[in-house]
Each structure stands twice: as structure tokens, then as C-alpha cells.
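Based on the sequences and whatever the hints tell you, model everything.
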Amino acid sequence: MDEKDSKLVKELMKQLKKIDNPDIVLLDTPTTHIAKTNFFLLKGLLDLEDKKGYFLTLDRPHQNMAYLLNNHDINQENIWYIDTVSHLSGRKRVDRENVDLVDNIFQIEKLTEVLKRKERKNDSLGTLGEIDFVLIDNLGPMLNYNNIEKIEEFVSSFKELILSHDNLTGCLLMDSNSNEDLDKVVKRYVKNVIDVKKLKEDI
Amino acid sequence: MAEFERLSTGINGLDEMVDGGFPFPSVSLVAGGAGTGKTTFGLKFLTEGARQGEQGLFFTTLSEPTQWMLRYANQFDFIDKDFFDNEIKYQDIGLLVQNEGYEELLDFIDDKIAEVMPQRIVIDPITVVAPYFEHEYRSFLFELINLLKNWQAVSLLTGEVAPGEPYPQEVTYAVDSVILLSMLEEEGSRRKYLEVLKMRGTDHTTGKQPISITTEDGIVVLKSRF
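In order, the protein sequences belong to chains R and F.
Anchor point for the first sequence: position 119 equals 119 in my numbering, and the numbering is continuous, going up by one each time.
In my numbering, each residue carries its 1-based index in the second sequence increased by 1000.
Honestly, the hints are just simulated from the structure, not real lab data.
Source: prediction; values computed, not measured.
Warning: the hint list may mix true and false statements.
[Said to hold, decoys possible] Lysine to any residue pairs mimicking SDA-like chemistry, simulated, CA-CA at most 20 Å apart:
no., chain 1, residue 1, chain 2, residue 2
1, F, K1112, R, K198
2, R, K4, F, F1083
3, R, K7, F, K1149
4, R, K197, F, R1051
5, R, K4, F, E1115
6, F, K1149, R, L69
7, F, K1149, R, P30
8, R, K4, F, E1087
9, F, K1089, R, M1
10, F, K1149, R, N71
11, F, K1081, R, D2
12, R, K4, F, A1114
13, F, K1112, R, K197
14, F, K1089, R, E3
15, F, K1089, R, L115
16, R, K198, F, Q1052
What follows is the structure in C-alpha cells.
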């Protein structure tokens, strides 16, 4: 990470602090920078802010982010992966304690149920009520597996779930230019939007 | 349906042949005989990314020091030396290819990608690896391509085409795109061509397109003579 990257991490954290929790926020990011933005968010949340949270992967298998965080010496005690794509990626399974491998990618509307189970399940990270954030890696690939109605159902129930827990932030990433229908659906539910491209340009 | 994000190839005239560029993310093979422009293609692809604020990572399997590569690359006007070691990181993996097993090589590549987090990756040339890994070469390729597919990047592998071989067949089955560079003797002179053999999810132009390699722009696809 260079100096510009570090500044962007701090700026992202500053923007997230402006949000009145509980709420959801969209980080509008060019597709080519989504993986980096996910990493920057986790770097800030876990490393700088000492927060706890779930990282839900719809795009890349969790092993990639775990590898990145490890490579950059970021402690992974306070992150729990919920991985919906590992079984489709051909990636070798890694035995980690902090991961749930699920196969809901074709029934995205049911994914909120997976998160709801975390209200009761007390793993090493704690229950859903005891964590600070849920980060979803990229909403765009959902369109590869689901129709827009199912996606709307998911975004709506996800928002409802986040709002039912004090101090919880739901972070969604997407390139708003990638699909007009998806953009409309997501923005129907999200009022907080962070323009990551602009943040980067302003640094 | 979600539409592909595409990254410009950087090659003048090629984007128009492939719906705007390489799908992001994807893994492609640029194959050709000696002197057909494979390394130039890779450098132009990375330079184009650097100009657009994207991070590039260039792996060479040839044990060639950066200084040596730059000596030749600097002959091209499109090369900006300031990009090297900044927007374009250069990594020699030649010694690893010669001295380590393929799993160690894959781990090293994985680590380097995690460190640099590039949007564009070039491995030049991949076919050099074959004699070192012998019967494990196919397994290596399969794992390498799978590894690259799981990172958020457009990766280009370059491959040497042996005389009498149409393209490096071990590599083509696993990649998303294959671009073939060739040199044919016609009317007493050698002419260069580019052909998109396959590009998944892309309505691409077929057939050999004449190209020229210039110091100003690198590879340029010329208008078809037909």
C-alpha cells in the first residue's frame, strides 16, 4: 500500500463514521477497483478501527481476501467469512475456523436467513448483535445467478435485518454503471452513497 | 444480465474487433512465433492500464533483469519510464522456474499478486516453463489459470508457438481468450498478422488481420486488405 492508498483507507473510515447506525451504505466503486476497495475497507475497519464484522462474498471466494489480509499482516480474529461462491470457483478449500461455506448463490433472497441464524449462533466472533459491520463484496455478480426481483427481495430484507440491530452498518459495494436495473433497485433502499472514485480523485 | 466490464487492450484497432476490450476479469493467451510482438503486446496492454490509473504486474520467466527489459522497451515511444516500479511492477520469476517446484512458483505468484493487487497482469512467456515441469506442466497451467481467474484482474499469458504448431494447445483449452500473432511469407516479404481465435462472451472479428509494429504505437491493427 502506498501513501495514496493509506489516505483513501482513512477517508473511507471518515465517511463511514458520518453514517447514523444502524443503516446500510452503498460504496459506488468502478468494477476494476472493487477488490481493492473491499481490502481497503477491511484494512480500515479491522486494523485502524478495531471493529468486528462479517464479510459476505458473492463475487470472489473468501480465500482471496483471507490471503490478501494475511499478506498485508492484518489480523483476522475479528472477521467471519460467509462464502457463497467458493464451491463454484474451483478454489482449494482452506480449513479455517472463521468461515461458513454456503450454497445460496442461486437463491439470493434466502441469504438474509443465513445472516439471521447469526442472531442466535454464538461463534468466536459473537452474535449478529455483537458485531459492528456486514460487508458484501460486490452486488453485481448476483445478476449472473438471480433475477432482479429476487435481488430486490434480498436488498430489502438485508436492510430490515441491519436496521433491527443497534450500531450495525451494512456495507454494499457495486459499480453503479454496471447495470441500470440493479442500480435503481439498490438505490431504492439505500440513502447513503459513498462515491469511491471521487474520493480517490480528491486525494 | 450483467454485462462484462471490459479493459482496453491498448492495441490500436483491436478493441473494435472485440467489443471494446478484454472482459474483466479474464485470462487470455497471446501466442505467436519469435518476433511476432508478444512482449510488445504485453507492454502496451500494461501501459494502457497505467495511463488509466490501473495497477499492472509483469512477470518474466526469462531471468531477464529489469534493466535489460527496459533497454529494449525504451525503443518504443509509448513506454513511459516513470510507470516502471510504480504503476507497472516488474518481477523476474526465471530462477524460481528453474530451481523450484511448481507449487512454490504458484505460491510466489499468488503472494506477489496479493502484495501488488494489480488490475492487469502479464506473464511472459508461459511456455518457457514446460520443460522444467515436464509431466506436471498441465497441472501447473490448470492451477495457475484457476489462480489468476480468482483474482480481480485481466491476465495475459504469452506463449511461444513452435514451428508447425498452430498454437500452444496445452494453454488454449483453459483460457478465456486466444489471440494469435503470426508472420507469413508473401510475395517475397514477411507480413505480420493478428487473429482472435476465441474470446468468451464476445462477438469478435474472425480471420487474420494485418498488423504493423511501430516504435510510436507498438502493435497497430491495419485495415483489412480484403
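20 Å limit on alpha-carbon distance, applied to hinted pair K1089(F) and L115(R): 40 Å, violated
Pair hint outcome, K1112(F) versus K197(R) [Cα-Cα no greater than 20 Å]: Violated, at roughly 25 Å.
20 Å limit on alpha-carbon distance, applied to hinted pair K198(R) and Q1052(F): 15 Å, holds
Hinted pair K1081(F) and D2(R), Cα distance within 20 Å: 19 Å, holds
Given hint E1087(F) paired with K4(R) - CA-CA distance at most 20 Å: 13 Å, holds
20 Å limit on alpha-carbon distance, applied to hinted pair K4(R) and F1083(F): 16 Å, holds
20 Å limit on alpha-carbon distance, applied to hinted pair K197(R) and R1051(F): 16 Å, holds
Agreement of K1089(F) and M1(R) with the hint, judged by alpha carbon distance not exceeding 20 Å: Holds - the C-alpha atoms of M1(R) and K1089(F) are around 13 Å apart, at most 20 Å.
K4(R) paired with E1115(F) [C-alpha distance capped at 20 Å]: Given pair K4(R), E1115(F) holds - Cα atoms ~16 Å apart, limit 20 Å.
K7(R) paired with K1149(F) [C-alpha distance capped at 20 Å]: Violated: K7(R) and K1149(F) sit about 29 Å apart, past 20 Å.
Restraint check for K4(R) with A1114(F), where alpha carbons must lie at most 20 Å apart: 18 Å, holds
Pairwise hint evaluation, K198(R) against K1112(F), where the allowed Cα distance is 20 Å at most: Roughly 28 Å separates the two Cα atoms, so the pair is violated.
When the structure is compared with the earlier hints, violations turn up for hints 1, 3, 13, 15 and for no others.
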